[in-house]
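Novice: Below, each chain spelled out in residue letters.
Number of protein chains: 2
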Amino acid sequence: MTKGAETRQVILDEAAAQASQVGLGGLTIGALATRTRLSKSGLFAHFRSKEHLQLQVLAHARARFVDKVARPAVARPRGEPRVRELFERWLEWGSQPGGCLFVAAQFELDDQRGPVRDQFVADQLDWLDTIAQVFRTGIGEGHFRGDASPEQFASDLDGIVLGFHCHSRLLADPLAGDRARYAFERLLDAARPA
Amino acid sequence: MTKGAETRQVILDEAAAQASQVGLGGLTIGALATRTRLSKSGLFAHFRSKEHLQLQVLAHARARFVDKVARPAVARPRGEPRVRELFERWLEWGSQPGGCLFVAAQFELDDQRGPVRDQFVADQLDWLDTIAQVFRTGIGEGHFRGDASPEQFASDLDGIVLGFHCHSRLLADPLAGDRARYAFERLLDAARPA
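Line order of the protein sequences matches chains A and B. Just so we're aligned, residue 1 is where the first sequence starts under my numbering, counting upward by one. Just so we're aligned, residue 195 is where the second sequence starts under my numbering, counting upward by one.
In short, the hints are calculated from the structure, not lab data. Bear in mind the structure is a predicted one, so any value in this text is a computation, not a measurement. Note that beta-carbon positions come from the ideal geometry of N, C-alpha and C, so glycine has one too. One or more hints might be untrue.
[Claimed, not checked] So, partial list: chain B residues that the calculated Cβ filter (under 10 Å) puts toward chain A:
| # | residue |
| --- | --- |
| 1 | Q215 |
| 2 | G220 |
| 3 | Q313 |
| 4 | F314 |
| 5 | Q318 |
| 6 | L319 |
| 7 | I333 |
| 8 | Q346 |
| 9 | L351 |
| 10 | V355 |
| 11 | D383 |
| 12 | A384 |
| 13 | P387 |
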């Protein structure tokens, strides 16, 4: 990595951490300059506008999510092992300090319009498609019923992980992980061939 | 209702609507004065501080939620009819313009400290307890298995409704309601006596 690319990673890591706490809308180039000890004018020159910064942060977080969750899942054998890896990695992702930027963004962006929302919606749809596709490999392998709906599974799993976020973070429920895993096992049970 | 109490309801309705769009943190007495065409000084005299306004809005929204969701559910026969009423009313509540204030608050308040968060956490725990209690009446009536966990059911149902919010609002998925209802039926099936 060049020095410039490294600096960029550091800035975007910091911005993503900040956004997961204060929301994408709460991101400011000024606060980012203070926290990275870089000049405000340098950051402005680089990111041009708040909207562009928000889009870069989303792209950066999405790339990290793919590295940490999607790619390791797909590296596992097709079918149930892949679904399990995806789920466990996703919970781990949501357990990082500050929580999950994407979860926060869902509730921040739902009443907004514009390119940041559009990009985020496209990313979310891609992620639901990825879950459905990973589940589909399990139908192919005979781990799951042929008439199980991959889209329903993706939707159900998303709900389980959203619940995990709320219960573990806001309510600080020590059982949040156990409850999410229990729900996940029931979801797999229901998908198995009779 | 006295004139004062009526005015108060109008203000709090407006504030709750505003908060469901911009978050409790985005509420300002100034914007509220503009939208209700009341004097800023009058509103300040009444609510004293932003924090007090946020607490009043939470209490107001909670009272409306009880009227619209919890009370009609508990008015139905014990057990499954009560659980079904609770679920359908809850989806309806989340379908109002601007979405659900509580869902937005979950992701807004999770990184904050203070009396607003504390009150909200207590409210959320009360609500999960109410769901568990409603489910428990179904065990008593023989609609659900004796070894089913009411707390797990509450957690699972919360996840389904959170997913519904995200998929219906941010993703504008026309199938969001169908998917939530499908997941709900599977959850009831899993709870039924063998």
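Novice: Does each hint hold? Answer for all of them.
Specialist: Status of the hints after comparison with the structure:
Hint status for Q215 (chain B): holds, given a least beta-carbon distance of 5 Å to chain A, under 10 Å. The closest approach between the C-beta of G220 (chain B) and any C-beta of chain A is roughly 9 Å, which is under the 10 Å cut-off, so the hint is satisfied. Residue-level restraint check for Q313 (chain B) is violated (minimum Cβ-Cβ distance to chain A is 12 Å; threshold 10 Å). Hint status for F314 (chain B): holds, given a least beta-carbon distance of 8 Å to chain A, under 10 Å.
Residue-level restraint check for Q318 (chain B) holds (minimum Cβ-Cβ distance to chain A is 6 Å; threshold 10 Å). The interface hint given for L319 (chain B) holds, since its Cβ lies 7 Å from the closest Cβ of chain A, which is under the 10 Å cut-off. A hinted interface residue such as I333 (chain B) counts as satisfied when its beta carbon comes closer than 10 Å to some beta carbon of chain A; here the least separation is about 17 Å, so the hint is violated. Interface hint status for Q346 (chain B): upheld, as the beta-carbon distance to the closest one in chain A is roughly 6 Å, under 10 Å.
Against a cut-off of 10 Å between C-beta atoms, the interface hint on L351 (chain B) holds, since the closest Cβ of chain A lies about 9 Å away. Because the closest C-beta pair between V355 (chain B) and chain A is about 8 Å apart, less than 10 Å, the hint holds. Of the supplied interface hints, the one on D383 (chain B) holds, with its beta-carbon coming within about 8 Å of a beta-carbon of chain A, less than 10 Å. A distance limit of 10 Å between C-beta atoms decides the matter here; for A384 (chain B) the minimum to chain A is near 6 Å, and the interface restraint holds.
The interface hint given for P387 (chain B) is broken, as the beta carbon of that residue sits about 16 Å from the closest beta carbon of chain A, more than 10 Å.
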